[in-house]
Amino acid sequence: MKKINIKKYINNANVSRFRFWIQLISFFIFVYGGYFFIEIGSRLPIFSCPYVPGSPGGCYLLGVQHELNSTWHTIFSPRGISILKSLGIFLLFFIFLNKAWCGFVCPLGTLQDWITRLRKSLGFSFTRYDEMSFKRLKVIKYILLALLILIPLAINNSFFGLPKLSHSMHTPFCKICPARTILPLFNGDTSQIYIDFTDTTTIILTSLGLMVAALFLVGSFVKKRFFCFFCPMSALQFLFSKIGLLRLIKNGDKCTRCGNCSRVCDVGITEIADDILSKNIIKDDCMMCLKCVEACPEEGALKVKVLNFDIFSATEEGFFKRYGGTSKFETSNKDDVLNSNKNKDE
Amino acid sequence: MSRVLKNQILIVFLFFSFQAVSQEPIWFSNQPPKSMEKVVKASGMHRYYSLQRTSRKTKTTNNGKKYKKTKKGKTAYKRSATKYVQWLRKGNSIKEATYICFPDSTNYRLKLMSPTGKEEPISLEQNKTCYVKFELNEEGYYNAYLIFKKGQQDTLYQNIAKAELLSHSCRNGHHKKLEARPVRYYPEITDFEIIRLRHPHEDYHYFASSGDTETFKALMNGKPLPGVKITINTEKGWSKTGFTDKNGEFKIQFLQDYFSNWQELDKRKIHYYMLKADYIQPKDIQYKNKDYKYVHYILTMSDGYRPSRTMYASMVWGLIVFLIAMIISIAGIFIYKERRKRPYKEIKFNESNN
Ligand code: SF4
Ligand code: SF4
Ligand code: SF4
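First to last, the sequence lines map onto chains Z and F. If you're matching positions, the first sequence starts at 186 in my numbering and goes up one per residue. If you're matching positions, the second sequence starts at 9 in my numbering and goes up one per residue.
In short, the hints are calculated from the structure, not lab data. Just so you know, not all the hints are guaranteed correct.
Unchecked claim - Below, in silico cross-link-like pairs of lysine to aspartate or glutamate (EDC-like), each with a Cα-Cα straight-line distance of 20 angstroms or less: (1) Z:Lys193 <-> Z:Glu502; (2) F:Lys291 <-> F:Glu172; (3) Z:Lys439 <-> Z:Asp495; (4) F:Lys225 <-> F:Glu196; (5) F:Lys345 <-> Z:Glu502; (6) Z:Lys270 <-> F:Glu146; (7) F:Lys119 <-> F:Glu196; (8) Z:Lys323 <-> Z:Asp460; (9) F:Lys345 <-> Z:Asp315; (10) F:Lys277 <-> Z:Asp384; (11) F:Lys254 <-> F:Asp199; (12) F:Lys91 <-> F:Glu172.
Could you build the full structure based on these sequences and the hints that come with them?
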């Protein structure tokens, strides 16, 4: 009897508010934790950027770029095992939260959500990509992922007899990553805002880095989770998201395709509503924020599972608690859902 | 105050009276001699060298790769652990110092302490060129010491060559970066010691550069020691001498002594410096059945610094690029939105009821 009540309590809960607090705490840990002697691994599936003086850990993308900055000979020698070991550690972290690392923990993701809040409070409207642009642009993160793997390799190895790349290209993604330039500012460290005049490559890369930082700030002001859409970490995560223990499950039979879920989705995933065949509904851009589950009024149409256990399901009661107007449960998504018809017409 | 002054005067007096018989100090250097340049390689961004790794029981293939035949007939690579080296040099300045071998007859103590305070193997290699050889397995600063004593008249000379060796590989990640901050010293190895104080945000990637100020602290049995004469000289021949203050501290700002066009600038170029600390302590002491009245400590340390960041990095240009990019993006988005308004209806979400 008690068990059912707990379940009901969770299903009626306001996950977005819970997420807000988890994000706040995580941001604090991943930007200031180092000052409190917190040390978390250096193969994290989020932008816990080691360029941030107070960072308690390290982002796996930096590790990958460093490790692949080796000759084939080294990679295929026993030292190559360390590359697999790092991947293993990354997966161990990743497997627990799956893509929820993005929705709940990543400091750069959180920052984008805060910029969105700021935009809302200033009363500016936001934009979404149309379907064509969405499909075209989402490829960029895979291109970035491929480049961040290939460039370090091409520094030490010649591909097809081409000359090797300059060592100034090492950790190429970090050079253009907005986390490197923006997150240290929260520690009062402005040292990453610079152009490196050592050679032409460094001038171009560091300039690009600052352009991306500017675009990040402006972009996330008009588009929710603007950068996540191009994030190579998200691409890398998606390659392994099938093994994640936390899952977003859809029951197509129960879905009425009302479209609530896709309308509240910050990333703008339409398949969450349109796809009624897939069971595992996690898409590459999904950050498992669970807003869609919150906004779904059909009993059990969307569910969050750990292994085979339901931990959070869409219920009619939960939906009405959250969106039905009892002020206690009013959320920022409310307007997205209640204005849904209006938006549809536009 | 007068007491400190008296002490200092006494020390200066003693120092000059002993100068005539003072020894040329021996120190650890991270610069290889010409004869060894081929067999060592600079270790990443750090300022020390490792011996080129050789394989045990291996043959060399045509393309120079080394391999070993296994039972199944497959080839497997076998490599020995990376050995790092420090060379022994003798002389009062980097310019004049020579690479030396240690006379076998001299009694010396060689110690290597790991970042966690464990003693680890270190050995003296006495071939054509002499160097000390060791492995670095943990992340953080290792301390290496070579100590020897020599009696002359009523003074016992104690030469302490010290090296602080940062062991870090970015491949191991950066979660242990705080390990770069604690300074470890070992009164049980040497009562007199000089330490380099860390900067507040120092991590594994810290590297002094010209224009930076470093603080060195003299310790006697772990307690601050004022009045120690410190001389620092650089590769280019620049030198500075001073005494430690009442907290035992001595500050030095490295001058810029590297000038180049920006196209040719090598931002990783290391300029070496050598620090020598002299301290004479009146102390009745017995060594090898002989009595001495004074102990003359000579501690040496050598490290390097790079060209200043201001030589190749510009924050002003960074801000300009950032602001231009910001203005262009804002304008771009504005124009895009305006354009889309005319032919189509703008996709506008009304959130103002909030
Ligand atoms: S997709 Fe967004 S939240 Fe996820 S790692 Fe990238 S920046 Fe962080
Ligand atoms: S710069 Fe970006 S990619 Fe590089 S370590 Fe920092 S967060 Fe990761
Ligand atoms: S699909 Fe659902 S969980 Fe994924 S980002 Fe969109 S709203 Fe969040």
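Here is what the structure says about each hint:
no.	hint	verdict
1	Z:Lys193 <-> Z:Glu502	holds (9 angstroms)
2	F:Lys291 <-> F:Glu172	violated (29 angstroms)
3	Z:Lys439 <-> Z:Asp495	holds (16 angstroms)
4	F:Lys225 <-> F:Glu196	holds (18 angstroms)
5	F:Lys345 <-> Z:Glu502	violated (39 angstroms)
6	Z:Lys270 <-> F:Glu146	holds (18 angstroms)
7	F:Lys119 <-> F:Glu196	holds (11 angstroms)
8	Z:Lys323 <-> Z:Asp460	holds (18 angstroms)
9	F:Lys345 <-> Z:Asp315	holds (13 angstroms)
10	F:Lys277 <-> Z:Asp384	holds (15 angstroms)
11	F:Lys254 <-> F:Asp199	holds (18 angstroms)
12	F:Lys91 <-> F:Glu172	holds (16 angstroms)
Taken one by one, the earlier hints fail for this structure at numbers 2, 5, listed in ascending order.
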